[in-house]
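Full structure from sequences and hints, please.
Protein chains: 2
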Amino acid sequence: MTDRQLHLGVILTGAGGPGRPKTWLYDDLPLDSSVNVDWYIELSQLAEKGKLDLVFIVDSQFITPNSPPHYLNRLEPFTLLAALAVSTKNIGLVGTATTSYNDPFNLARRFASLDNISHGRAGWNVVTSGDSGTAGNYGRDEHYDYDTRYGRAHEAIEVIQGLWDSYEDDAFPRDRATGQFFDPSKQHALNHEGTYFPKVVGPLNIQRSEQGWPVIFQAGDSDQGRDLGAALGEGIFTHGESFEKTKAFRTDLRSRAEAKGRDADSVIILPGVRFFIGDTDEEARALEQRANDMNWDFDRAQAEFGRAFGWHDFSQYDPEAPFPDVREIATLAWKTQADEVTDTALREGLTLRQTVERFAAPRRGHFVGTAQHVADLIEEWFTGEATDGFNIYVEQPAQFRRFVEEVVPILQQKGIFRTEYEASTLRGNLGLPIPANRYTAAREASREHAAIS
Amino acid sequence: MTDRQLHLGVILTGAGGPGRPKTWLYDDLPLDSSVNVDWYIELSQLAEKGKLDLVFIVDSQFITPNSPPHYLNRLEPFTLLAALAVSTKNIGLVGTATTSYNDPFNLARRFASLDNISHGRAGWNVVTSGDSGTAGNYGRDEHYDYDTRYGRAHEAIEVIQGLWDSYEDDAFPRDRATGQFFDPSKQHALNHEGTYFPKVVGPLNIQRSEQGWPVIFQAGDSDQGRDLGAALGEGIFTHGESFEKTKAFRTDLRSRAEAKGRDADSVIILPGVRFFIGDTDEEARALEQRANDMNWDFDRAQAEFGRAFGWHDFSQYDPEAPFPDVREIATLAWKTQADEVTDTALREGLTLRQTVERFAAPRRGHFVGTAQHVADLIEEWFTGEATDGFNIYVEQPAQFRRFVEEVVPILQQKGIFRTEYEASTLRGNLGLPIPANRYTAAREASREHAAIS
Ligand SMILES: Cc1cc2nc3c(=O)[nH]c(=O)nc-3n(C[C@H](O)[C@H](O)[C@H](O)COP(=O)(O)O)c2cc1C
Ligand SMILES: Cc1cc2nc3c(=O)[nH]c(=O)nc-3n(C[C@H](O)[C@H](O)[C@H](O)COP(=O)(O)O)c2cc1C
Numbered sequence: 001m002t003d004r005q006l007h008l009g010v011i012l013t014g015a016g017g018p019g020r021p022k023t024w025l026y027d028d029l030p031l032d033s034s035v036n037v038d039w040y041i042e043l044s045q046l047a048e049k050g051k052l053d054l055v056f057i058v059d060s061q062f063i064t065p066n067s068p069p070h071y072l073n074r075l076e077p078f079t080l081l082a083a084l085a086v087s088t089k090n091i092g093l094v095g096t097a098t099t100s101y102n103d104p105f106n107l108a109r110r111f112a113s114l115d116n117i118s119h120g121r122a123g124w125n126v127v128t129s130g131d132s133g134t135a136g137n138y139g140r141d142e143h144y145d146y147d148t149r150y151g152r153a154h155e156a157i158e159v160i161q162g163l164w165d166s167y168e169d170d171a172f173p174r175d176r177a178t179g180q181f182f183d184p185s186k187q188h189a190l191n192h193e194g195t196y197f198p199k200v201v202g203p204l205n206i207q208r209s210e211q212g213w214p215v216i217f218q219a220g221d222s223d224q225g226r227d228l229g230a231a232l233g234e235g236i237f238t239h240g241e242s243f244e245k246t247k248a249f250r251t252d253l254r255s256r257a258e259a260k261g262r263d264a265d266s267v268i269i270l271p272g273v274r275f276f277i278g279d280t281d282e283e284a285r286a287l288e289q290r291a292n293d294m295n296w297d298f299d300r301a302q303a304e305f306g307r308a309f310g311w312h313d314f315s316q317y318d319p320e321a322p323f324p325d326v327r328e329i330a331t332l333a334w335k336t337q338a339d340e341v342t343d344t345a346l347r348e349g350l351t352l353r354q355t356v357e358r359f360a361a362p363r364r365g366h367f368v369g370t371a372q373h374v375a376d377l378i379e380e381w382f383t384g385e386a387t388d389g390f391n392i393y394v395e396q397p398a399q400f401r402r403f404v405e406e407v408v409p410i411l412q413q414k415g416i417f418r419t420e421y422e423a424s425t426l427r428g429n430l431g432l433p434i435p436a437n438r439y440t441a442a443r444e445a446s447r448e449h450a451a452i453s
Numbered sequence: 001m002t003d004r005q006l007h008l009g010v011i012l013t014g015a016g017g018p019g020r021p022k023t024w025l026y027d028d029l030p031l032d033s034s035v036n037v038d039w040y041i042e043l044s045q046l047a048e049k050g051k052l053d054l055v056f057i058v059d060s061q062f063i064t065p066n067s068p069p070h071y072l073n074r075l076e077p078f079t080l081l082a083a084l085a086v087s088t089k090n091i092g093l094v095g096t097a098t099t100s101y102n103d104p105f106n107l108a109r110r111f112a113s114l115d116n117i118s119h120g121r122a123g124w125n126v127v128t129s130g131d132s133g134t135a136g137n138y139g140r141d142e143h144y145d146y147d148t149r150y151g152r153a154h155e156a157i158e159v160i161q162g163l164w165d166s167y168e169d170d171a172f173p174r175d176r177a178t179g180q181f182f183d184p185s186k187q188h189a190l191n192h193e194g195t196y197f198p199k200v201v202g203p204l205n206i207q208r209s210e211q212g213w214p215v216i217f218q219a220g221d222s223d224q225g226r227d228l229g230a231a232l233g234e235g236i237f238t239h240g241e242s243f244e245k246t247k248a249f250r251t252d253l254r255s256r257a258e259a260k261g262r263d264a265d266s267v268i269i270l271p272g273v274r275f276f277i278g279d280t281d282e283e284a285r286a287l288e289q290r291a292n293d294m295n296w297d298f299d300r301a302q303a304e305f306g307r308a309f310g311w312h313d314f315s316q317y318d319p320e321a322p323f324p325d326v327r328e329i330a331t332l333a334w335k336t337q338a339d340e341v342t343d344t345a346l347r348e349g350l351t352l353r354q355t356v357e358r359f360a361a362p363r364r365g366h367f368v369g370t371a372q373h374v375a376d377l378i379e380e381w382f383t384g385e386a387t388d389g390f391n392i393y394v395e396q397p398a399q400f401r402r403f404v405e406e407v408v409p410i411l412q413q414k415g416i417f418r419t420e421y422e423a424s425t426l427r428g429n430l431g432l433p434i435p436a437n438r439y440t441a442a443r444e445a446s447r448e449h450a451a452i453s
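In order, the protein sequence lines correspond to chains A and B.
For the first sequence, the working numbering assigns the number 1 to the initial residue and increments by one for each residue that follows.
For the second sequence, the working numbering assigns the number 1 to the initial residue and increments by one for each residue that follows.
To be clear, the hints were calculated from the coordinates, so they are not data collected in a lab.
Where hints are given, some of them may not hold.
Since the list can't tell identical chains apart, any single copy or any two copies may satisfy a pair.
[To be verified] Computed list of lysine-lysine pairs in DSS-like fashion (alpha-carbon distance at most 27 angstroms, straight line):
1. K49 with K89
2. K51 with K414
3. K245 with K335
Here it is in structure tokens:
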């Protein structure tokens, strides 16, 4: 653990994500940032200058007029990430995709293509979709229940990893002297038969990349979600509310992974956090205060607060009356979040207004201060084993520039962050192994077996 | 019709497409061209230097060990095209996608994102998948029959065009002075209820591009396929076997379009052709002969010939016996092609070997000769109204360079091809109108109606 290294990602949600509806007002953001590929390229190149591990693209497929600005109008992750792939050299490219409303074969192809285009820098953030309304965009009356959602996710990842192994690494000799392009014995159909995906034959029509498979990230907080991450996740995206909560999450995730027979160090926990950096701690606090004030509007917050409950309209209730327990409508949405909100409100006897304020108002964050102070806090969380790194929400590009130019060098001096990329692949930079191709491994195992017996 | 302009596309199938299994032997191709994004970028930039209208990416999702080299191992169209979008400025980017194994919502999003990233240069080549085995990669035991395939395609295009109109063009005022990012009255759910796609609610979470909607291309030769192209196609990809056949196809397609109340000039026919250019006609013929010899191998050709019949194994029959009529197995594959092959073989009493030779051996093409000769032939086909342009199969990059550097200038001198891009959008360069947003149009119509009454 002595050479444990910090890992950093950057989340680009230009115009403003959940709870930050006024981000687009910052005048160092292009007005159309959420659909402006040049802006994404510029910020990704800045992140690469800071030697960050990865760019992280969140996603959703269902909107209402109350959705945050960035969600209303955004680029689809694969098209965006491929554009970033040819505009950057070393940084990882992680895209969010749901297993609830995509065919495994299509997902396998797209991530493998992104992985080839970027020469081994692709990652997949596996989600199951919390917006119950998403179902209606894909021909379904209702979203899947939790067991089905996570059952699909688990099976989909295994199918997709199987498809990624369709070709062994030496399947394409491409030898002009002998005239042999392809070795058919190195192409393998998967012939999957399963529960949620009864039939996926294969083979996939694309080779593995320099890193073998894209890196699997996972985001989802329920018991089923944590088990999925523990079973198959290599990176976990989570909340970064406090040192204690994040540490508890990491400890839980690691012990679940170990219970499944995995090395806990092969699961990297990245909480999403916001940074405010000033010349003095006071200046940074003032920047944060301004951002929080700017983004606070009770009606709007209440509308967006309804999202966890399947975009339930809470404006129909008296804001001064006790918080209404309507959690059963969240069963097909963000149940984990809705339960936590409801339990807290009932336990503490909160009104609707107080509950919205507690959960939907911008809060004071931890990573606020001078570059030195922020770097010290990062070190504290990292060496205190609350986290393996951070996924940084970019709000003001100027603030992210300060992070890259002022905080990163201090982390480098502290010896906890790289001064150069270790590798040209995302796996290489995250310190994750390249998965062996299963057919090659099986052949080698049987050869060894034959040699022994 | 006096200012009718020629339209040119380029089809990039690096390592070798159907019937051209040895293309990868050309030493001016990188060995990994089919998965080499830099090669695609280089060729697209060359095409752009030649002021070509578009890059055309074909696709498939099912392979066998007998698939052509390019098909075995290729980049997925959306990831590839997005990489090309940020590497080029004016050229159109047309991707093939099947409506048989994609959700309309996902297709709508990806094409709209590509259209935004490229600032209005996206096109969609709508296909229904001829490889019956594709079904097995998407959980189905069998491919759809023709009526279902084309019924889905028709409905999918209409759903997708509906989703593309989710936002009116002035939906995002993004006015920092007033604080208004978004005008909710300009966001529209589609609420589609249909036959093949029972429920697609919307809205789509991305704005229209500079060209309104991506351009709809179509490729499919059956009666149902032609009707789809005539109803909704703006560009049609077809075969370029001979002047007469291509002209007959164009005449048929135009009259079908007119029968549906459309302006036939708004449907652009682009046959796929191969060019061989030499300093003399003899040199060009020799180049073609070399390519044809190199690509001819009876066993391999017979294996690939089986593709139209759902990859039927014809090696089980005596090659010297009469061609076996097994067309019923092609019902869920390339029925149109299988029927033509079988009818011809039976009518002319061909053996299996003769049939494979007739349909799968590389043939002598038409566009072979000096740059001047080739340009004259292009003019002849164009002014003779056999075609509106061509989709050029690139084999040797050096040959495509000669096309750009030698043939294009002659076409420009003839006054049938642009010397500069007319527009920054694909619609602009193809001379196609920008579709009005349906909700804006309806509002304007009702306003006019109110003013009149
Ligand atoms: C930190 C975090 C980030 C997430 N990001 C996304 C996202 O970008 N897109 C998405 O569809 N879901 C995202 N999810 C949600 C999952 O889709 C999941 O369905 C939802 O959280 C409900 O499941 P759970 O109760 O297991 O968390 C995220 C979840 C967490 C905890
Ligand atoms: C010129 C031409 C090009 C085509 N290109 C593709 C392609 O790239 N990918 C694909 O899946 N199908 C392609 N198709 C085939 C269609 O998917 C269609 O299913 C198939 O041709 C059978 O339908 P049909 O009898 O109407 O032609 C193409 C068809 C034609 C005529």
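Okay, the hints, checked on the actual structure:
1. K49 with K89: Result: close both inside a copy and across copies, 10 angstroms intra and 26 angstroms inter.
2. K51 with K414: within (15 angstroms within a copy, 54 angstroms between copies)
3. K245 with K335: within (19 angstroms within a copy, 61 angstroms between copies)
Figure legend: structure checked against the earlier numbered hints; every hint is met.
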